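Peer 1: Residues per chain are reported as follows:
2 protein chains.
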Amino acid sequence: MSDALVIGLDIGGTSTRAVLASLAGDRTGTGTAGGGNPTSHGAEAAAAELAKALGAALGSTDPGRVRAGTIGLAGVARLMADPASRAAFDRAWAEVGLTCPYELIGDPLVAYASGTASPDGTVLIAGTGAVAATVRGFALDRVSDGHGWLLGDAGSGFWLGREAVRATLATMDAGRPLGRLSRAVVRTLLPAEAPSAAGPAAGGRADLGALSARDRVDDLVQRVTRRPPVELAGLAPLVIAAHAEGDRTATALLAEAGRLLTESVARIREPGDTTPVVLAGGLLVGDTPLATAVERELRSRWPDATRRRASDGAAAAAWLAARPLLTPTDASALHTRLVPQSANNPLK
Amino acid sequence: MSDALVIGLDIGGTSTRAVLASLAGDRTGTGTAGGGNPTSHGAEAAAAELAKALGAALGSTDPGRVRAGTIGLAGVARLMADPASRAAFDRAWAEVGLTCPYELIGDPLVAYASGTASPDGTVLIAGTGAVAATVRGFALDRVSDGHGWLLGDAGSGFWLGREAVRATLATMDAGRPLGRLSRAVVRTLLPAEAPSAAGPAAGGRADLGALSARDRVDDLVQRVTRRPPVELAGLAPLVIAAHAEGDRTATALLAEAGRLLTESVARIREPGDTTPVVLAGGLLVGDTPLATAVERELRSRWPDATRRRASDGAAAAAWLAARPLLTPTDASALHTRLVPQSANNPLK
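Quick note, the sequences are listed as chains A and B, same order.
Counting in the UniProt record's numbering, the first sequence runs from 1 upward without gaps.
Counting in the UniProt record's numbering, the second sequence runs from 1 upward without gaps.
Here chain A stands alone, though its shape is the one from the complex:
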């Protein structure tokens, strides 16, 4: 086993990353390629990116040394139900000379394993969307939310962006002065306008003011509704920026998002659970105010649970491939060596 290798892949919407590693924890290769999700990119294009990332990670390494592989990606159930996508992935795997089996797993499990080596725990992901899942023996157990922007994703980037616009519209309807967040929303959505800090009701006769305020409200609504709804997630950074500048609406929205995300967790995680919680997704990795809000909520509900941040998904996928080949103690040691832990850990 001493020269045995494992390979892990993290396939996302905009990039595919591969890590080749020894069972001792040495990274012997890495590779990157473009987005490779078959659902959004098509089976052949996705398989081509997969082969590219695999080839780069392997380099001149003998592919026969690779004993196991794990590929993590979103929408894995759909992929597994689609023979054409499966066949395209199989061809890409063989094309680079790999002969070992590989396992397809969902991205929540990869995110989870990138934060902890514990077989049981919970992962909470908030980016454009939001989903929570419990993990048992490194398999997904129960899932909460992830229902998409129309019916769910409570506390996600989409939710923050939509609520920022809703708060702005409510303030405009009421004819109250716009705060920092609302001014940023108007500036972003209606760049031709130059809203004053005094708000739309300032200046002019009351009835004229009301009419022009309504026109601006309609412009704002039209601007948003003409674009794909999910683009509202692009406004989430405005909420974070306004919060940093002391805007109370932004701070309240982040606190509410933290509560909603924690509620999603509470639907599937028992009250006394002491297993770790891994925070993942663009809005929760790193030192973000939403992560702070979520941690506050998690700490109050599960005071005895460790909270960790997700880190390198491709390395975690490689570790998941290696895990069945090792004793629990060796697997744990490999995790420490192979999967870099976030500077924001430990959070307990």
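Treat the hints as calculated values from the structure; they're not laboratory data.
Treat the hints with care, since some could be wrong.
Said to hold, decoys possible - Quick partial rundown of chain A residues pointing at chain B, CB under 8 angstroms, derived from the structure:
| hint | residue |
| --- | --- |
| 1 | Ser15 |
| 2 | Gly148 |
| 3 | Leu150 |
| 4 | Arg162 |
| 5 | Val165 |
| 6 | Asp173 |
| 7 | Val224 |
| 8 | Thr225 |
Stated by the list, open to error - Computed Cβ-Cβ distance ranges for the label pairs, DEER-style:
| hint | chain 1 | residue 1 | chain 2 | residue 2 | range |
| --- | --- | --- | --- | --- | --- |
| 9 | B | Met80 | A | Pro191 | 22 to 32 angstroms |
| 10 | A | Asp215 | B | Thr292 | 34 to 44 angstroms |
| 11 | B | Asp215 | A | Asp304 | 28 to 38 angstroms |
| 12 | B | Glu245 | A | Pro271 | 46 to 56 angstroms |
| 13 | B | Pro340 | A | Arg78 | 24 to 34 angstroms |
| 14 | A | Arg223 | B | Ala4 | 17 to 27 angstroms |
| 15 | A | Gln222 | B | Pro271 | 46 to 56 angstroms |
Said to hold, decoys possible - Far from chain A, by Cβ distances over 12 angstroms, these chain B residues were calculated:
| hint | residue |
| --- | --- |
| 16 | Ala77 |
| 17 | Ser144 |
| 18 | Glu163 |
| 19 | Asp173 |
| 20 | Gly175 |
| 21 | Ser264 |
| 22 | Thr329 |
| 23 | Asp330 |
Since the model is a prediction, treat every value here as computed from it, not as a measurement.
Here a beta-carbon is modelled for each residue, glycine too, at the ideal position from N, C-alpha and C.
Keeping the supplied structure of chain A fixed, place chain B upon it in accordance with the hints.
Peer 2: Frame of chain A, contents of chain B only:
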């Protein structure tokens, strides 16, 4: 003036209604035609329905006797900004022999005037969408919400339907037994399934149960997201029915919708305002539980205001056409004769 007539039209998405009346309050003709909104049906098709309704209301009456006309419809600002639609309406008006001027007004004002002869007040409309407006001297003053399903319509039929699905998904995620409302939602959206009262977690091993529950959750989400979002409003009757059967989730949703609708009103109506509030739209006319919830909220905020239900929009439009031709006393008397008041009035 004794033989003078007025004509009013209420143009909706599915029907166009016309009322021809004398200044004494006699209905001398009525007409109906198909939906005639230029925005949704096109200018020429809308004008043809307008001409049809006008012609039916006039019958053999000399159109020269008609002194004034009012046309109420949704999206009036867009219509007035579109010369082609205006010209098509002008042609329809002339085609039936009418020579008097006509006024185009928004449907909130027509709904308002169908409930009260008071020149100042508030109208709250909840159907598929939701909007509130204050009225001053029979002109729209301020408007709140009406921002559409993505950004607003808080407390509307869309909102009730979406929240019914969200509550169902949350219950399924948590693996709790489905209540009446959630069972009705599943039955409606997944008619092939036969959900048991015990819920998805009942029977089978826990992990298998969880997996199949997640598949059902995904099916439900897919079913909704493949259709136009506004169709969620079609689930609002399930909330009303489940409330009637004692479902607590449904009752809570209706109470919350009532609060949200009243909040929309509070953004534009002063706390001490004693002018009437007219309730309009499919979810608030008639003896509906949402109307009851809204009335409770309105009564607690504006205890001295009369609450009225909207009634016949075409008759109200005819009355609005007649009003400038009469003394205030005569106008008030005409309203009493011409515009039938809902059996659910007075609500004070």
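Peer 1: Which hints from the list above does the structure break, by number from lowest to highest?
Peer 2: Those not satisfied are hints 1, 12, 13, 14, 15, 16, 17, 18, 19, 20, 21.
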